[in-house]
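A.B. asks: In case you want the letters, here they are:
Number of protein chains: 2
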Amino acid sequence: MADRQALILEAAVRVIARSGIRGLRVEDLAAEAGVSTALIYYHFKDRAGLVQRTLAFINDRAVGYTEEALQGAQDARDALLRLLLSELQETGAVRENSVAWGELRASAVFDDSLRGNLVGSTRDWVRDTAELVADAQAAGLADLRVEPLDVAERLTALVEGLSGRWLSGSLDVERARELLAGAVEAELGPRR
Amino acid sequence: MADRQALILEAAVRVIARSGIRGLRVEDLAAEAGVSTALIYYHFKDRAGLVQRTLAFINDRAVGYTEEALQGAQDARDALLRLLLSELQETGAVRENSVAWGELRASAVFDDSLRGNLVGSTRDWVRDTAELVADAQAAGLADLRVEPLDVAERLTALVEGLSGRWLSGSLDVERARELLAGAVEAELGPRR
Chain A
1 MADRQALILE AAVRVIARSG IRGLRVEDLA AEAGVSTALI YYHFKDRAGL
51 VQRTLAFIND RAVGYTEEAL QGAQDARDAL LRLLLSELQE TGAVRENSVA
101 WGELRASAVF DDSLRGNLVG STRDWVRDTA ELVADAQAAG LADLRVEPLD
151 VAERLTALVE GLSGRWLSGS LDVERARELL AGAVEAELGP RR
Chain B
1 MADRQALILE AAVRVIARSG IRGLRVEDLA AEAGVSTALI YYHFKDRAGL
51 VQRTLAFIND RAVGYTEEAL QGAQDARDAL LRLLLSELQE TGAVRENSVA
101 WGELRASAVF DDSLRGNLVG STRDWVRDTA ELVADAQAAG LADLRVEPLD
151 VAERLTALVE GLSGRWLSGS LDVERARELL AGAVEAELGP RR
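Quick note, the sequences are listed as chains A and B, same order. Anchor point for the first sequence: position 91 equals 91 in my numbering, and the numbering is continuous, going up by one each time. Anchor point for the second sequence: position 62 equals 62 in my numbering, and the numbering is continuous, going up by one each time.
A portion of the hints provided could be inaccurate.
Here are some of the chain B residues that sit facing chain A, going by a computed Cβ distance under 8 angstroms [what the hints assert, rightly or not]:
id, residue
1, A30
2, D60
3, P148
4, D150
Pulled from the structure, derived: some chain A residues nowhere near chain B, Cβ distances all over 10 angstroms [to be verified]:
id, residue
5, Q5
6, D46
7, T66
8, R82
9, E131
Pairwise CB distance ranges (calculated) [what the hints assert, rightly or not]:
id, chain 1, residue 1, chain 2, residue 2, range
10, B, A48, A, E27, 34 to 42 angstroms
11, A, D172, B, G23, 53 to 61 angstroms
12, B, R123, A, V26, 19 to 27 angstroms
13, B, L144, A, E27, 32 to 40 angstroms
14, B, R191, A, V26, 40 to 48 angstroms
15, B, R191, A, R191, 21 to 29 angstroms
No wet-lab data here; the hints were simulated from the structure. Backbone N, C-alpha and C define an ideal beta-carbon position, used for all residues, glycine too.
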């Protein structure tokens, strides 16, 4: 990606994390990124294009920190836990991503044009999670009776639910992580 | 509550469910409710007062349909399941409430003034849910090793996560209900 585009997208995530996707105006973004509005329109066509590319950018960045979290995983079950916990961390990038992702989810309730990307990203995340559940089963580290896709849909939806409570001040991040780890235990059963 | 106030609050939930809390303008609400803006300011003081009262109104209405859901419950475990499932139903009132609740959660990320009520409402919901988990344990219908408060925080956060996916088009309501019922099974273990 051209440096200029990356710079604009990083600024877009910051603006969304600060004031929400519905508060994202191209003028404010131009000021935040230190570029002209013309340059933003040149690269992203319109506001809808900008929002869609920002979502893709958030996903790419999440791949970065989830891969980091997976390094050093002991086994498939540990990898699953690390993958999920990586979304609940008190770091600037994770918090920004979580706020922006939550905003996209919340805005898609009212704006159909955001749904396509969101559905696709959610499906990918659920599929990756389900693969780790199946790997854990194959390695004898999880109950064989559980359905990987069901478990994956629940655990990722729980991450979104806990994330919303964390970011809105109902839950601190340590408690959210503890609850999530407990859900993995309840869903996978004891290590066999 | 005076009829006029109830009428305004019902209209406020409709406006929020249609265009979000950040799209709620007193002028639009006045048009929706068929009253003057002056009357709205008279009853609710300002926009913040209106939003807070709308949240309380949503909670009161939720008590209505959750109590309805609890009627006919076979036992504490069944009551727990019904309480949770009552938040995922394709009816006008439940959808409106879910959208408005999700919006309040999403807006509280950016607006501290919304957090107090939200934290309190969440705490009450978790506590009521935890009581049903403890009742199920006492009746021999749930694993005694599980911690009611942990289970309640997870199941209610999962409802919020599933609800966000349902309302944003990532999940149909039947699948969301099936996943939620599965989580109750995983969390409580087999009926003893």
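A.B. asks: Take the hints in turn and mark each one as holding or not.
C.D. replies: We went through each hint and held it up to the structure:
no. : hint                                 : in the structure
1   : A30                                  : violated (21 angstroms)
2   : D60                                  : violated (20 angstroms)
3   : P148                                 : violated (12 angstroms)
4   : D150                                 : holds (6 angstroms)
5   : Q5                                   : holds (26 angstroms)
6   : D46                                  : holds (20 angstroms)
7   : T66                                  : holds (18 angstroms)
8   : R82                                  : holds (19 angstroms)
9   : E131                                 : holds (18 angstroms)
10  : B:A48 to A:E27: 34 to 42 angstroms   : violated (27 angstroms)
11  : A:D172 to B:G23: 53 to 61 angstroms  : violated (31 angstroms)
12  : B:R123 to A:V26: 19 to 27 angstroms  : violated (40 angstroms)
13  : B:L144 to A:E27: 32 to 40 angstroms  : violated (59 angstroms)
14  : B:R191 to A:V26: 40 to 48 angstroms  : violated (57 angstroms)
15  : B:R191 to A:R191: 21 to 29 angstroms : holds (24 angstroms)
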